[in-house]
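K.L.:
Spelled out from the first residue to the last, the chains are:
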Amino acid sequence: MTWRSHGDGPPVNAARPPRVDALTLRPRTATALVLASLAGLLAFGWPLLVDPGTGLEHGLDAPLVLAVVLTAVVVVLAVALGEGGLDVKAVAMLGLLAAIGSVLRPLSAGTAGVELVFVVVVLGGRALGPGFGFALGATTIFSSALLTGGVGPWLPFQMLGAAWIGLGAGLLPRGIRGRGEVALLVAYGAAAGLAFGVAMNLSFWPFQVGPGTELSYVAGDPLGTNLARFATFTAATSLGWDVGRAVTTAVGLAVLSRPVLRGLRRVATRASFGPPVDARSPRPSTPSSLPTGRVAGR
Amino acid sequence: MIRFEHVGVTYPGSERPALRAVDVTVEEGALALVVGPTGSGKSTLLRAATGLVPHFTGGLLTGRVLVEGRDTRTHLPRDLADVVGVVVQDPARGFVTDTVEEELAYAMEQLAVPATVMRTRVEEVLDLLGLASLRRRALGDLSGGEQQRVAIGAVLTARPRVLVLDEPTSALDPGAAEDVLAALTRLVHDLGLTVLLAEHRLERVVQHADTVLHVRADGTVQQGDPDEVLAVASVAPPIVELGRLAGWSPLPLSVRDARRRARGLREGLDAGGGSSPTHVRSLPAPPAHAGDHAAPAALLRADDVHVQHGRVAAVRGVSLELHAGEVTALMGRNGAGKSSLLWALQGSGPRRRGTVRVAGRGEVAGDPSTMAPAEARRHVGLVPQDPDALLYLESVAAECAAGDRQAGAPAGTTARLLRGLVPEAAPDQDPRDLSEGQRLGLVLAIQLAAQPRVLLLDEPTRGLDYGAKRRLASHLVAHARAGGAVLLSTHDVEFVAVCAERVVLLAEGELVADGAARDVLVASPTFAPQVARIMHPHPVLTVDELRPSLEVGA
Amino acid sequence: MHPWAWWVWALGLAVATTRTTNPLVVGLVLLAAVVVVLARREDTPWARAFRGYLLLAAAVLVMRVAFHVVVGIKGPGQVLLDLPRVPLPEWAVAVHLLGPVTVEGLLGAVYAGLRLAALVVCFGAANALANPKRALRALPAALHQIGTAVVIAMSVSPALVTSAGQVRRAQRLRGQEPRGPRGLVALAVPVLDDALDRSLALAASMDSRGYARAVRAGGDRRVAALLLVALLAAAVGSYGLLDATTPGWLGVPVLLAGAVAAVLGSLLAGRAVRRTRYRPDRWGVAETVVAASGVLAGTVLVAVTASDPALLEPSLHPLRWPALPPVVVLSVAAAVVPALLPGRPA
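Chains as they are written, first to last, in the working numbering: chain S, 6 to 303; chain X, -11 to 542; chain V, 40 to 385.
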């Protein structure tokens, strides 16, 4: 992998493959992600946190208000990610990989818990960096919702959940390659697939059972009690699907990780996000118009 | 208005420069044709003229490229969008939107052209390229030629002064290719656009070119008038080959000019009936054809085959026999049902009605569509239009090993076949790093490992240069000589002229002609090869057939 | 019809359904949504998804009732079905199953389920009627880049399905069975390689057609600051909503302030994007009528329930027929107007 042997940077060490970041997270974008994730955690976990007497504990108000807030958060994040310019290759790849994901989604929806979308999101995040993984998770869910007519209050929750999965995949330790990498991704994929299902269930919990059952959340109850009720609810409803999703994601990753990562990394190298500027030319390309993506190690 | 000043390009990780010491100038309003063997850096030259090299692909550019006075070192491709329009080989891959009108407007939207101006320009371009009737159609539903014209239109709306096209007609049938080239020459002549065009099948475009840039294998570029450059270029269309052989100077580049020069040659053939070209085919006639009384063995017999795709009847009642020892070309427009027929004959594709029977070793083996895929391919092998779809492993060696396993052949069979077809492919290479022709060879080796007697190929000549085509032709003929039958669909009449002795012509899913290549090709105004047009009324198809008469004449 | 008009209409109806559990009002809203969809829908994939929404709505209703019967906390009332109470063993968090089902309890569950079902149908209506491709074209400029990725995803997905089919077919030619892990790799790798190659070709084509020329590179510090303020407000505001111990201004007011910051930031970010639109969807009288009819229904219900919370609330103790004031009926009837607009859906 000594492809960048010219120019101003040192030659890339063949032992440590170059770290690809198709969508660089600048400090301010990273801060935006953290804040948005905090808001997202509240939106997901509110039944466990809500106090009595806030006027939100009844009816549909709380989930809908939080869905609106979360929609706004996702939109603001999209603006923040795009602000300042993305590499056109990153945009095109985002579109293509999101298309693969959205094609896989309706295919898998019919069979109980078979869900291959996260295979694409995890591998995309792993090969092309956390920022790209985040954007990939969100755009995949969004475009598949548009394609199948699945836009609703659940959409921002799903988008954020999938985006977190892609982000996490990008943040996994970089140095591991080969069998170790596959094992790492399989474990992560299984955990992420299960967590996604549980989180979705959590956001849907108050809708589905409403107040006044033995499995409903009770505002102001200790966290443990509410968690226990939620656990029972999950076990009674979606756990089978969630386990199915975790298993298919893990199996998909076990089978596909190596060949797919090879393809993604190959193209990432070819794409050379943030193209190198000719070192010998008298004037470099106008720096202000350079895309923001880059390959670390320059 | 493109100027290369001592340009060199080296890609990252490669020791050899793709281009070096290039000093060429394309004048305003000229149609410049870029020629050269595959992998010689034609695409690099085109990409350097659009700023994609080095800004998009990476690599080191030395010297400078000026386009309409803009230096590509300081101008990114997007900054050149209003002076250079780029059309890629497969237009469907460059489409961003999904309807014709929106695609035409896309570049203008990015350049913030006012809405009213956009409306008028879209209408102009629709008229200019004859796309008005397609304006609301989905891009995916268009034919290849229509897509290519939309792709040209999509860059024209930004009013560039230069058009750069990388093999715009390589996927098109002769008629559609003519349409696209006619549109291009009109743009050059009527609008004064400068066009930089790379093309494999020179016979289609060479007569329109004002100047030729010959990219040599070492990365240097020679520029000159078409007849001068082609007289010595490493690639040559049949008309040039004929001219070189006959020692014509200046070289005729159009059929019209060549016919004038070839008057003597035709008269010579009239006089010397004994050296009638039928007896000097470049390839000796197969043994099965030696005597009329010995009917050749039919390896595959299809009767009344119908294929339906949704509401479209793709193939309608085709009956066909493929004989041992015969190379047959399947020709016809894009969408005439060639691919559907090939797939139906192989047995994996859908077939609504009709029968297909293949001969086993000795007796009739049965219908390939009722066999397991692994069994069917032992009788009928098919190399599909996109051979890449068959390749999925990380190295050539792994593909070969998998090929042996899938074909049930002894280990090493595929690798041995591959060495015969593509000697230069290294076992540890990633198949995706091979050239298009090498990948085709790999897929052919994988299919031949199952030892099918009937070999079907769908558009095998796409992206092959003259040398690669010659090698492919000799392998196909060898397969036939060994007692097999070959059926290949292609638009490439020159390739057919070299390797096929029989041509089957398909139109709208029906078989409209089936006969000796010579009879079918010479009679057809669209499918006649260049040499046939020059030598008309003599039924000559290739330069090689004329070689003896020319040598006698000299 | 402008796609956003349908969304405004449907969101108005959705707001209306959330204001009350009155089955008559909710039923009317649901009916209005279904009537308009049946009158205005076109033959598109997303319109066909409406059936799925109706099924989902029915499932939601059934589930809600089932949950009430199985694990509901049963109050007093006329017993309809005297089921025994079954305590689960201690390790299963002390949940009691079943128990006597009362008319009041059952109706309460049906009312709540119906409201949720109506909400689902409202979103289904918007999905069925609004053309997502045109909605994408009408995205604000600040979302240019991510929006482009989604546009690409939507326009190439049919080609990907075709490509997958071709690869599957081609693999069979070399005797590769399409099953098992090996089959999955044999299918996935060529499709992915093709898609990735395509993405590079597409990027080259977009770049040479001036994409990204529209975007001022480097970004704007003010935009970044405004967006961060908005996100901070979202996090703090949500917390303020949920925590009773925080002062009241930490809830809704902070969220509203954040919304203002978000809009300002997006507008500023949008100004950095220089591009134009070819034949944009116009917002005409019809669009205004459609949007207004939905907004009217939502506003009237918000106003009615705010002025007299008990007026619409159906009484279960004692059981009484729910009230249906004429003004509510009229406002919901107005939501059917889009079905009567002249001209076929275009």
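Derived by calculation from the structure, the hints in this document are not laboratory data. These numbers come from a predicted model, not from an experiment. Treat the hints with care, as some may be off.
[To be verified] Simulated restraints on C-beta separations:
| # | chain 1 | residue 1 | chain 2 | residue 2 | range |
| --- | --- | --- | --- | --- | --- |
| 1 | X | Gly298 | V | Arg173 | 24 to 30 Å |
| 2 | V | Pro126 | X | Gly298 | 57 to 63 Å |
| 3 | X | His(-6) | V | Gly323 | 58 to 64 Å |
| 4 | S | Val73 | V | Leu119 | 57 to 63 Å |
| 5 | S | Ala200 | V | Thr327 | 42 to 48 Å |
| 6 | V | Arg316 | X | Arg340 | 42 to 48 Å |
| 7 | V | Thr327 | X | Asp178 | 52 to 58 Å |
| 8 | S | Ala200 | V | Pro179 | 29 to 35 Å |
| 9 | V | Gly323 | X | Ser131 | 32 to 38 Å |
| 10 | X | Ser131 | V | Gly204 | 46 to 52 Å |
| 11 | V | Val341 | X | Arg340 | 56 to 62 Å |
| 12 | S | Arg184 | V | Ile112 | 51 to 57 Å |
| 13 | X | Gln296 | V | Leu363 | 42 to 48 Å |
[What the hints assert, rightly or not] Listed next, the stretches of chain S that the computed footprint assigns to chain V, with coverage defined by at least 3 CB atoms under 8 Å from CB atoms of chain V:
| # | stretch |
| --- | --- |
| 14 | 132 to 138 |
| 15 | 156 to 164 |
| 16 | 200 to 209 |
Backbone N, C-alpha and C fix where the C-beta goes; we use that ideal spot for every residue, glycine too.
K.L.:
Now look at each hint and say whether the structure bears it out.
P.N.:
Hint-by-hint comparison with the structure:
no.: 1; hint: Gly298(X) to Arg173(V): 24 to 30 Å; result: holds (26 Å)
no.: 2; hint: Pro126(V) to Gly298(X): 57 to 63 Å; result: holds (60 Å)
no.: 3; hint: His(-6)(X) to Gly323(V): 58 to 64 Å; result: holds (60 Å)
no.: 4; hint: Val73(S) to Leu119(V): 57 to 63 Å; result: violated (38 Å)
no.: 5; hint: Ala200(S) to Thr327(V): 42 to 48 Å; result: holds (45 Å)
no.: 6; hint: Arg316(V) to Arg340(X): 42 to 48 Å; result: holds (46 Å)
no.: 7; hint: Thr327(V) to Asp178(X): 52 to 58 Å; result: violated (46 Å)
no.: 8; hint: Ala200(S) to Pro179(V): 29 to 35 Å; result: holds (32 Å)
no.: 9; hint: Gly323(V) to Ser131(X): 32 to 38 Å; result: holds (37 Å)
no.: 10; hint: Ser131(X) to Gly204(V): 46 to 52 Å; result: violated (20 Å)
no.: 11; hint: Val341(V) to Arg340(X): 56 to 62 Å; result: holds (60 Å)
no.: 12; hint: Arg184(S) to Ile112(V): 51 to 57 Å; result: holds (52 Å)
no.: 13; hint: Gln296(X) to Leu363(V): 42 to 48 Å; result: violated (56 Å)
no.: 14; hint: 132 to 138; result: violated (count 0)
no.: 15; hint: 156 to 164; result: holds (count 3)
no.: 16; hint: 200 to 209; result: violated (count 0)
Violated hints for the displayed structure, listed by number in ascending order: 4, 7, 10, 13, 14, 16.
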